[in-house]
Amino acid sequence: MVLDPAHGGTDSGARGTGGIRESEVVLEFATQVRRALELQGFQVVQTRQDNENPSFDDRSAKANAQRGAIFISLHVSSTGSPGTVRVYVNSELPTRADSSGLIPWERAQAPFLGLSRKLGDQVQTLLAQSFRGSPAAAQAAAIRQLRTTAAPAIAVEISSVSVDNRANLDRMATGVAEAIARGATAFKPSYVVAVTGQGAAQ
Amino acid sequence: MNPRWKVWLIGGLAAAVVVAAIYFPILRRRLQKASNAQQQSEEQARRELTQALAMNPSEPRVRAKLFWASDSGDGTLLPVTAELPLSSDPVLRSKQVLNTLLAGPVDPELRTLPPDAVLLAFYLLPDGTGIADFSEALATSIPSGIQSEQMAVDSIVKTLEANVPQVARLKILIHGQEVETLAGHLDLTGTFTVNTKPVPAQPKPAPAVVAAPAQAAPDAKKLVEAPAKLTPGTTPGKLAQPEHRP
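In the order they appear, the protein sequences are chains X and U. If you're matching positions, the first sequence starts at 1 in this note's numbering and goes up one per residue. If you're matching positions, the second sequence starts at 1001 in this note's numbering and goes up one per residue.
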């Protein structure tokens, strides 16, 4: 399981009027999500542990270097109804493996889109139960981070940095962590990679 | 030097210091004002440049659909119908609808694009690929986040889809440059599907050809025929991949 707290370093991501920074909040959320996943028996790696900012490709590489990884990118938005959480999967990409049978790096997500959608829907359903007003199913968006990831990959976006009190956001961490861990566990049996020659070529 | 001289000298210098202390801040303020004015006039000029292509009232008014945020706050878009004198030329028409979209809805809360963003240019390639070049403000003033960035791109794509059937796909540039993401999330490296069944764009014969001197007639004829080559080909351009379907 690759956990990706988005942004970091000089890139603070979304910033609220009350000084809340996305890059800091997601790092704390990651700690809670990691704990919940480990309780479910997952082995967890993070794309960043601290306030650094690896490139999109470096983050994807963490998942692409392993077999059977699951990639979850954590975000806090500037918009949206406070207290809601949305799951995104990458929008459709043309699948075109080159003659070597390798998946082109820039479209690494293409063969995993079906699995990502399954995982995304599982997690979103659970999130909708805990956080009223959240959508019922995962949505598709052209997300740069997911495109180069050769694994079932989702982005989870929490609303929002615009809350007056940081505690309102922190309170959501347990529910988000629980939904991700339970969703991933429910998804595991359907994670059968049928494609041969896995692994992305850079 | 006698003491009287010294007093005069020190007095004179002190006066000069006082005058400078008063004058320098005024000078600085004046300079600042001047540079602000210049910046503003540049912005103004750019706006005027884009506004110049705005509506021509003599064009027939058509029902245009503009996609702004719905008031539900859940990140969905809602089409607003407006009667606008739109050009039949797809490039001009694209500029007109995108400028209207940038100008924003009646309720500023429902904007999808930052108010200071400007459309710098719009091109339509023969294969139906539209290229929209926005000013840097589109990327820097937009609230960062998957939802807000997707709403911005979606509102652009859906507005073009509803009003300009010749645009098959759209490439978004920021100040003439290809960028990786809009504001940290949304992928701008590929193109976005606009119309899955685009209407072929009718290339206009170049007016310069009509004005060509008589002795250049054979060449001019060739030139008139040349636009035929511009009819959409089936092979997508280099820009067409990877394609995103919002």
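If you're looking for bench data, these hints aren't it; they were derived computationally from the structure. Here a beta-carbon is modelled for each residue, glycine too, at the ideal position from N, C-alpha and C. Be aware that a few hints might be false.
Mimicking DMTMM-like on lysine to aspartate or glutamate, the simulated pairs with C-alpha atoms at most 25 Å apart in a straight line are [stated by the list, open to error]:
id, chain 1, residue 1, chain 2, residue 2
1, X, 62, X, 50
2, U, 1158, X, 50
3, X, 118, U, 1074
4, U, 1171, X, 106
5, U, 1095, U, 1074
6, U, 1197, X, 50
7, U, 1095, U, 1178
8, U, 1171, X, 38
9, U, 1095, U, 1059
Looking from chain X toward chain U, a few residues come up when the C-beta cut is under 8 Å (computed) [stated by the list, open to error]:
id, residue
10, 11
11, 13
12, 42
13, 43
14, 45
15, 46
16, 78
17, 83
18, 86
19, 132
20, 136
21, 137
22, 142
23, 144
24, 155
Here chain X is said to cover these stretches of chain U; the calculated rule only asks that three of the stretch's residues, wherever they fall, bring their Cβ under 8 Å from a Cβ of chain X [said to hold, decoys possible]:
id, region
25, 1012-1024
26, 1070-1077
27, 1081-1091
28, 1134-1145
29, 1148-1155
ask   = Does the CB of residue 13 of chain X sit less than 8 Å away from some CB of chain U?
value = Result: holds, 6 Å to nearest chain U Cβ.
query = Holds or violated: residue 45 of chain X as interface residue toward chain U, Cβ cutoff 8 Å?
reply = Violated, because the Cβ-Cβ distance from residue 45 of chain X to chain U comes to roughly 22 Å (cut-off 8 Å).
request  = Double-check residue 46 of chain X for me: the hint is only fine if its C-beta lies closer than 8 Å to a C-beta in chain U.
outcome  = Check failed: Cβ of residue 46 of chain X comes no nearer than 19 Å to chain U, outside 8 Å.
key: Holds or violated: residue 118 of chain X to residue 1074 of chain U, with C-alpha atoms at most 25 Å apart   = holds (22 Å)
ask   = Are there three or more residues in the region 1070-1077 of chain U whose C-beta lies within less than 8 Å of some C-beta in chain X?
value = holds (count 3)
query = Counting residues of the region 1081-1091 of chain U that have a beta-carbon nearer than 8 Å to any beta-carbon of chain X, does the count reach 3?
reply = Violated: only 0 residues of the region 1081-1091 of chain U have a Cβ under 8 Å from chain X.
inquiry  = Next pair to validate is residue 1095 of chain U with residue 1059 of chain U; report whether the Cα-Cα distance is within 25 Å.
reply    = holds (15 Å)
Hint validity - residue 86 of chain X Cβ closer than 8 Å to any chain U Cβ = For residue 86 of chain X, the interface hint holds, since the closest Cβ of chain U sits about 7 Å away, which is under 8 Å.
query = Can the restraint linking residue 1095 of chain U and residue 1074 of chain U be considered satisfied, given a maximum Cα separation of 25 Å?
reply = Violated: residue 1095 of chain U and residue 1074 of chain U sit about 28 Å apart, past 25 Å.
query = Straight-line Cα separation of residue 1197 of chain U and residue 50 of chain X no greater than 25 Å?
reply = violated (48 Å)
query = For the hint on residue 136 of chain X, does the least C-beta distance to chain U fall short of 8 Å?
reply = Check failed: Cβ of residue 136 of chain X comes no nearer than 11 Å to chain U, outside 8 Å.
ask   = residue 1171 of chain U and residue 38 of chain X: Cα distance at most 25 Å?
value = violated (42 Å)
Violation of the numbered hints given earlier is confined to hints 2, 5, 6, 8, 12, 13, 14, 15, 17, 19, 20, 21, 25 and 27; the remaining hints are satisfied by the structure.
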